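With these hints in hand, go ahead and build the complete structure from the sequences.
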Amino acid sequence: MMDNKTFIIAGIVVALLIGVVAVFMASGDPDGLESTALVVQGQKELTGSTPEDAEIEEDLTGKFSYSSPMPDYSLGDSLGSIGGLIAIIVGTFLAFVVVFGIAYGLKARKTSKINQ
Amino acid sequence: MHIPDAFIPIWQGSIYWIIALVFVALALRWARNEMNEEKLPLVAVLAAGIFALQSFNLPVSMGTSGHLVGGALAAILLGSPFAAVFILTLVLIVQAVLFGDGGITTLGANIINMGVIGGFVGFYTFKGLMGMTKNMPISGFLAAWLACLIPALACAGEMFLAGTFPLAEGLVAMGIYHAIIGVIEGFVTVAAIYLITTARPDLVDSKVSSPAGV
Numbered sequence: 001m002m003d004n005k006t007f008i009i010a011g012i013v014v015a016l017l018i019g020v021v022a023v024f025m026a027s028g029d030p031d032g033l034e035s036t037a038l039v040v041q042g043q044k045e046l047t048g049s050t051p052e053d054a055e056i057e058e059d060l061t062g063k064f065s066y067s068s069p070m071p072d073y074s075l076g077d078s079l080g081s082i083g084g085l086i087a088i089i090v091g092t093f094l095a096f097v098v099v100f101g102i103a104y105g106l107k108a109r110k111t112s113k114i115n116q
Numbered sequence: 001m002h003i004p005d006a007f008i009p010i011w012q013g014s015i016y017w018i019i020a021l022v023f024v025a026l027a028l029r030w031a032r033n034e035m036n037e038e039k040l041p042l043v044a045v046l047a048a049g050i051f052a053l054q055s056f057n058l059p060v061s062m063g064t065s066g067h068l069v070g071g072a073l074a075a076i077l078l079g080s081p082f083a084a085v086f087i088l089t090l091v092l093i094v095q096a097v098l099f100g101d102g103g104i105t106t107l108g109a110n111i112i113n114m115g116v117i118g119g120f121v122g123f124y125t126f127k128g129l130m131g132m133t134k135n136m137p138i139s140g141f142l143a144a145w146l147a148c149l150i151p152a153l154a155c156a157g158e159m160f161l162a163g164t165f166p167l168a169e170g171l172v173a174m175g176i177y178h179a180i181i182g183v184i185e186g187f188v189t190v191a192a193i194y195l196i197t198t199a200r201p202d203l204v205d206s207k208v209s210s211p212a213g214v
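Just so you know, the sequences run in chain order A and B.
Mapping to the numbering used here: the first sequence position 78 is 78, numbers consecutive.
Mapping to the numbering used here: the second sequence position 100 is 100, numbers consecutive.
Quick caveat, the hints were computed from the structure, so don't treat them as lab data.
Keep in mind that this is a model prediction, so the values were computed, not measured.
It is possible that some hints are incorrect.
Said to hold, decoys possible - Facing chain A, according to a computed beta carbon distance under 10 angstroms, are these residues of chain B, among others: (1) R32; (2) I150; (3) M174.
Unchecked claim - For each label pair, taking beta carbons as the anchor points, the in silico distance ranges come out as: (4) A:S78 <-> B:D202: 28 to 38 angstroms; (5) A:S67 <-> B:N135: 28 to 38 angstroms; (6) B:F187 <-> A:A10: 17 to 27 angstroms; (7) A:R109 <-> B:I18: 39 to 49 angstroms; (8) B:N36 <-> A:Q43: 45 to 55 angstroms; (9) A:S78 <-> B:W11: 36 to 46 angstroms; (10) A:K5 <-> B:W11: 21 to 31 angstroms.
The beta carbon of each residue, even a glycine, is placed where N, CA and C say it ideally should be.
Rendered as structure tokens:
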């Protein structure tokens, strides 16, 4: 049976492989929610393909807006796939580290309570 | 199904945030009580895996793509819907803050849909079907399929309340697209449960790894 260290390494490797394949293979079509937005705005038929120039109209009055450092998992057009790879690798490690860190912290708090 | 900021007015987003925070608090309590040396690696690896899976938009025909959510997977493997809330909340925060995938004011709604609804639907569907059929692939597939479809319908409801989609059209389109995405979610979830249960049966909730299950 795999030990914890091997399991974690194997898990991260699998996650990174999925992410790397995603950068090159992911579909550029809008996702289910965006696609539905295009349908209700009359820019796309329910079962039809998405037109090249289709763009979701957004009414931003009374809405919040925020610019993320790596929008759409990319570092901009100039970096292309390399930027996409960096974004996915950073994101995958960050998701791991954040969840590991918080879960570890909560575990440690429980242990210290028992010891008191 | 990550709702961007532009799709929900701030005041409605705040209400979803408040509801979401209640579940996040319960999920933190779950993590404090349940986290141990055995679960920690699985929880963290699932977070990395779910982040990567969610970045992979698969074509689902009809000019649409979709990615997996992973709520059912996390809830089933860890034996609690709050495991899904815990992992999905943190993954969604990373996605929204760093990659603009899903909004900030809509993060509460996204946590409710994918973490809370996805986690609860996935967990209880799996539990119920496992009790009846004792068959992991069938139970896991249907649990993951519903855990993709039901949050999408909830999302369509929220879009209606926000005035972004008309109700019927939104439900039909979201339902059709995610019923297809859910089939892929079902296959991947069963495959992931099988692989992880084979590699480390001790890490996985006992309801999954019962002899009749796999």
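Status of each hint after checking the structure:
1. R32: holds (4 angstroms)
2. I150: violated (13 angstroms)
3. M174: holds (5 angstroms)
4. A:S78 <-> B:D202: 28 to 38 angstroms: At 48 angstroms between Cβs, range violated.
5. A:S67 <-> B:N135: 28 to 38 angstroms: violated (48 angstroms)
6. B:F187 <-> A:A10: 17 to 27 angstroms: holds (21 angstroms)
7. A:R109 <-> B:I18: 39 to 49 angstroms: This hint is violated: roughly 25 angstroms between Cβ atoms.
8. B:N36 <-> A:Q43: 45 to 55 angstroms: Between B:N36 and A:Q43, where Cβ atoms are some 51 angstroms apart, the hint holds.
9. A:S78 <-> B:W11: 36 to 46 angstroms: Since A:S78 and B:W11 have Cβ atoms about 39 angstroms apart, the given range 36 to 46 angstroms holds.
10. A:K5 <-> B:W11: 21 to 31 angstroms: Violated, since A:K5 and B:W11 (Cβ atoms, about 48 angstroms apart) do not stay within the stated range.
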